[in-house]
Structure formats: structure tokens, C-alpha cells
Amino acid sequence: MSVETAPRKKNGTIKVDYMARVEGEGALFVKLKNDQVQDVKLKIFEPPRLFEALLRGRHFNEAPDITARICGICPVAYQMTAVQAIERGLGIRVHPMVRELRRLLYAGEWIESHVLHIYMLHAPDFLGYRDFVELAKDHPKQATEALRLKKLGNQIMTLLGGREIHPVSAAVGGFYKTPQRADLEKLADELKWALDTACSKAEFLAGFEYPDFEQTYEFVALSHPSEYPLNEGRLVSNKGLNLDASQYEDYFVEQHVKHSNALHSVIRGRGSYQTGPLARFNLNYSKLPNVARQVTEHCGLRVPCLNPFKSILARAVEVVFALDEALRIIKLYEPPPAPRMPFEVHAGTGYAITEAPRGIQFNKYSFDEHGLILSVKIVPPTSQNQKRIEDDLRNFIPTIVSQPVEEITRRSEQAVRNYDPCISCATHFLKLILERE
Amino acid sequence: MRIIGCGNTDRGDDAAGILVARRLAELGLDSIEHSGDGFALLELWHGADDVVLVDAIVSGAPPGTISPWDAGADPIKSQHCRCSTHVFGPAEAIEIARAVGRLPERIRIIGIEAVQFEPGSEPVPDVMQAVEDVVRELYEQSKARAEGCCVADSSPCN
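In the order they appear, the protein sequences are chains A and B. According to our numbering, the first sequence is numbered sequentially starting from 106. According to our numbering, the second sequence is numbered sequentially starting from 60.
Capping the alpha-carbon separation at 16 Å, the derived lysine to aspartate or glutamate pairs in EDC-like fashion look like this: (1) A:K255 / B:E102; (2) A:K344 / A:E323; (3) A:K492 / A:E323; (4) A:K492 / A:E359; (5) A:K256 / B:E102; (6) B:K202 / B:D89.
Residues on chain A that point at chain B, a partial pick, calculated with CB under 10 Å: (7) M225; (8) L240; (9) K242; (10) L252; (11) N259; (12) E269; (13) I270.
So these bits of chain A aren't anywhere near chain B, every CB distance computed over 10 Å: (14) E167; (15) P201; (16) W298; (17) F318; (18) G405; (19) L411.
If you're looking for bench data, these hints aren't it; they were derived computationally from the structure. Since we're looking at a predicted model, the values are computed, not measured. Beta carbons are placed, not taken as given, at the ideal position from N, Cα and C, and that holds for glycine.
Take these sequences, add in the hints, and give me the full structure.
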């Protein structure tokens with residue numbers, strides 16, 4: 106990070122060359138004139154990843170392993186959305202226990218990704234530390250527990266996915282291999298410890314000082330009649346959206362902007378929207394298990410919560426949910442008759458939306474009669490939140506504009522981290538440039 | 060002695076740590092090849108009392124320069140080991156372990172100065188030479204330690 110304009114002036118430029126504690130490489134440019142924000146650009150300069158083109162001409166059976174390589178933090182989101190889109194294109198419905206195992210795998214990813222973001226990336230902002238190492242020196246118990254929680258998420262992914270990063274077990278029609286009941290039961294004691302610990306740690310987070318900042322958002326998340334959303338549901342919003350994944354492109358459009366290698370997603374005719382933990386929490390609070398709702402109450406988190414900085418609390422509530430969900434699945438699990446459903450290959454087009462830790466991910470796959478992929482569209486959560494991050498900053502910076510440049514910069518970075526942006530996924534490190542004219 | 064070689068064999072000089080671990084394994088020593096993810100490292104060295112971490116570093120020294128650190132005694136400069144923003148690397152892992160009291164009794168880092176990280180490229184000759192030098196040094200240390208143990212506890216050598 107470099108701050109170019111040290112003295113306080115009404116006009117000028119703050120430049121954060123590489124913003125730390127985000128996934129990937131990017132920059133933020135903010136232009137001020139007479140303390141008014143003239144322009145905000147989230148500049149994502151990490152090169153395009155070209156995964157959609159890489160998949161064309163490959164057999165759809167290769168898609169789960171290729172797409173798992175898009176991200177080291179949320180590979181399951183890519184795998185799961187890919188297999189579910191392809192399965193819809195083939196008309197496959199997987200065995201109920203396979204569906205539960207997929208939810209368990211996804212819960213493992215939510216635990217490791219959320220715990221990483223809450224404690225290692227975002228909590229240092231609230232406590233005034235440079236990084237997690239500094240936080241760990243003053244709060245060794247919190248840090249040790251966070252490391253153990255994250256490890257548990259990774260253990261779930263290793264057990265079901267074959268390895269903790271870029272798992273290899275997911276397949277169209279199910280899994281290549283499914284665990285025995287005893288394999289899952291080995292996780293139960295650690296999950297019980299984790300659930301108790303995650304509840305008490307949420308109260309530690311609730312004690313942070315939160316900026317007094319609320320926005321009017323269009324929250325977008327999956328909604329399922331009886332489940333807190335992970336891998337299935339209709340796409341809904343607090344402003345009336347209610348649609349199937351196949352209708353996604355009728356309502357959402359990706360726009361190319363000159364300053365970013367990631368496309369900006371907007372709702373047609375409406376603009377930016379928010380997806381991720383706060384959207385899921387606000388739209389699906391009633392589907393949370395009792396233990397997660399109790400934690401919500403203890404944290405003083407209200408529904409709807411319109412303060413994006415409190416997304417860290419929504420994440421903490423979701424960690425509790427994911428741990429409880431994992432315990433539920435382990436309790437009921439019986440191995441399916443076969444790991445993978447047999448199916449006939451035929452031409453088709455399929456759509457799916459699942460909830461990655463950072464928000465919704467949309468996939469569309471078309472393939473020919475041999476199963477060779479003709480076209481793919483992958484819309485990751487960060488490109489969906491990107492414009493909303495810019496809008497938040499446009500409104501948040503005026504509330505802190507009288508503060509020293511260093512503080513404006515620090516708070517702006519904190520505001521970006523509210524969305525846990527995974528820039529690598531969206532192209533897809535971050536620098537902040539604040540220019541005063 | 061637990062030897063962990065970190066890096067990426069598809070990114071030029073970043074292969075240095077992995078190549079050291081691989082070569083030591085060929086010579087019959089236990090060694091671990093690892094990507095360098097800090098969280099996983101915390102687990103890898105858990106329970107070990109003497110850890111050696113070999114990794115490519117960028118400090119501005121000439122390519123192939125070998126820089127040993129006693130990480131147990133001196134905090135490591137994180138920028139020297141940081142190739143990725145995505146995860147915590149070895150430097151962060153060591154400092155987190157120090158903060159929470161999980162640092163092995165003895166932990167050394169052997170840094171090999173790297174100069175290029177092009178995808179798919181081979182390490183430059185100076186780095187390859189440094190790999191051989193580090194392998195020779197660690198092999199001799201390990202051998203001397205094993206012989207020392209045998210003398211100390213009077214057990215037969217295998």
C-alpha cells in the first residue's frame with residue numbers, strides 16, 4: 106500500500122498499490138473533488154483466466170476437475186455448480202444421500218472459507234491490526250481456535266473431495282467414491298467442539314466497533330422451501346425476483362468495463378445488487394437452525410441487516426449453520442447404493458446456481474450428443490458484487506472524508522473486504538488510488 | 060529432522076525447495092514436498108522438534124544465493140517468502156506459530172534466491188547449483204545427526 110497524498114486536502118489522490126488480505130490481484134481508484142466522490146473504480150488487473158474457453162471441446166466429465174482449479178479457496182462452488190448444470194442438461198436426479206454428501210462437502214468449504222475470511226483477513230481491520238499475525242500475538246486463544254476451525258473445514262473437504270484444495274471426487278451423476286458411515290462419524294466429536302466454539306466466537310466478533318453505515322440494497326440469494334441455501338433453490342431478491350436458474354440471463358447481464366478484467370454483473374434496468382452471506386442471511390433467516398438463530402440474537406444482529414460491515418457477523422452465523430448442518434448430515438448418513446448414478450449421454454443445455462461462500466454462482470453448460478462441451482458461461486460471485494462494492498464506496502467515503510488520508514484508505518479497504526472479494530475467481534490483489542481534483 | 064521443501068515445479072526457480080526434498084528422498088532421507096500453504100505447514104511440522112524448511116526467496120541477492128535463517132530465534136521477513144496473495148505462506152505460518160506457541164523447538168529456513176517464475180520454465184543454472192549444495196549440506200547434517208544419536212544411545216545403526 107502506498108499513500109500518495111499525505112497532507113489532508115479536499116482534492117487529491119490516494120493510491121494503494123496492492124491491497125492486502127483479498128484473494129487475487131486488483132486495485133481501487135477513488136477520485137474526490139471538494140470532498141465529494143467523483144469516481145470509484147474497482148480495477149481488477151489480474152489477467153483473464155479463460156476457463157470458459159478452456160472447457161470448450163472437452164467432455165463434460167472433465168468439467169468438475171477443471172473448474173475446481175479456478176479457485177483454491179472455493180473450488181467446491183465451481184465443481185458443484187458445474188456438475189449440477191450438466192446434470193440438469195442430462196435430466197439426472199442424484200440419489201438423496203449423494204445430495205446430502207454434496208451439502209456436507211459444500212459446508213466444509215463454507216467453514217474453511219468463512220473462518221479464513223473472518224479471522225485471518227477481515228477481523229484485523231476491526232481491531233486495528235496490520236494482519237492476522239499481529240492479531241494472533243494479542244489474541245492467541247482466538248487465533249488458535251480459528252486455526253482449528255479452519256482445519257476442520259479442510260478435513261471435511263479432504264474426506265469427501267480426496268484432498269483439501271482442488272478436490273477430485275465430484276462427478277457428473279454423483280461422486281467417484283463415497284465414504285462409509287464410520288468415516289464421517291470420526292468427524293463428529295470435533296464438529297461438536299467446533300459448534301460450541303463457533304457460537305462463543307461470534308460473540309467476540311459482535312464486540313467489534315462497527316461503522317454506522319447502512320444502504321438500501323437489492324439482496325439476491327437462493328431460496329429453498331425448507332433449507333438454508335447451499336446448493337439448490339430458486340433465485341430470489343427483496344425486490345421481487347423469483348426465478349429458476351434457466352431464467353437468470355433474462356434478468357442479469359454481464360457488462361464489460363474498461364477498468365476491469367472481470368465483467369460487472371447488474372440486474373437489467375436496475376443496476377447493482379448484493380450477493381453473499383448478508384443477502385443469504387436477510388432472505389433466509391427463517392431457514393436457519395435454532396442454534397444459528399440464537400447466535401444471531403446474542404450478537405444483536407437484526408433482520409434485515411443493512412450494514413455491510415456486519416457481513417462478518419452474518420458469516421459467523423453461517424459458520425454455525427454449516428457446522429450444525431454437517432452434524433445433521435453425519436447423523437443421518439447411510440452410504441448410497443452406488444456412488445454415481447448411471448446415465449445416457451445426449452445433447453443438452455443445463456443451468457445451475459449454487460451459493461459459494463461469497464455469493465451466488467451461475468453456470469450454463471451446452472454439450473453435444475457425445476458429451477463434448479459446446480459453450481460454458483460461469484458467473485462468479487465477485488463479478489456480481491463488484492459494482493455493488495463500488496457503489497458502497499461511493500456512499501461510504503463521504504462519511505469518512507474529513508479523516509486523515511491514511512484512515513480513509515484503511516476504512517475503504519475494510520469496506521471492500523466486507524464482500525470477501527475473490528479477484529482470482531472473478532478474472533479474474535487490490536490497490537486503492539484516491540484522487541482529489 | 061523433518062525436512063520440508065516448498066514451491067512449485069511449474070514456476071521456474073520456485074521449484075528449488077521441492078527439488079531439494081525430491082533429491083533427498085532419492086538419497087533415502089525422509090523429506091516432504093509441499094506447496095507452501097502456511098496453514099498446512101502448521102500441521103506438517105506439528106510434533107516435530109527440529110524442522111528445516113527449504114523455499115525459494117526473493118531478497119535482491121544474486122540468483123542461487125543460499126540464505127539460512129534460524130527462524131526460531133529471528134522473525135522472518137515475510138516479503139522474502141511471499142509468492143502468493145491467496146494463502147498464508149511459510150513466513151506467515153512461522154510467525155503465527157510463534158504467536159500462539161506452536162513453533163517447533165528448532166526451526167530453520169534455508170532460502171534459495173530465485174530470479175524467474177515463468178510458468179512451465181526450468182530453474183536457472185545458479186538455482187540448480189544451489190539446490191545441489193543444499194542437498195549435500197542437509198544430507199551430511201542428517202547423517203552426522205544419525206551417527207551422533209547412535210553413539211549417544213549405543214543403539215546399532217541401520
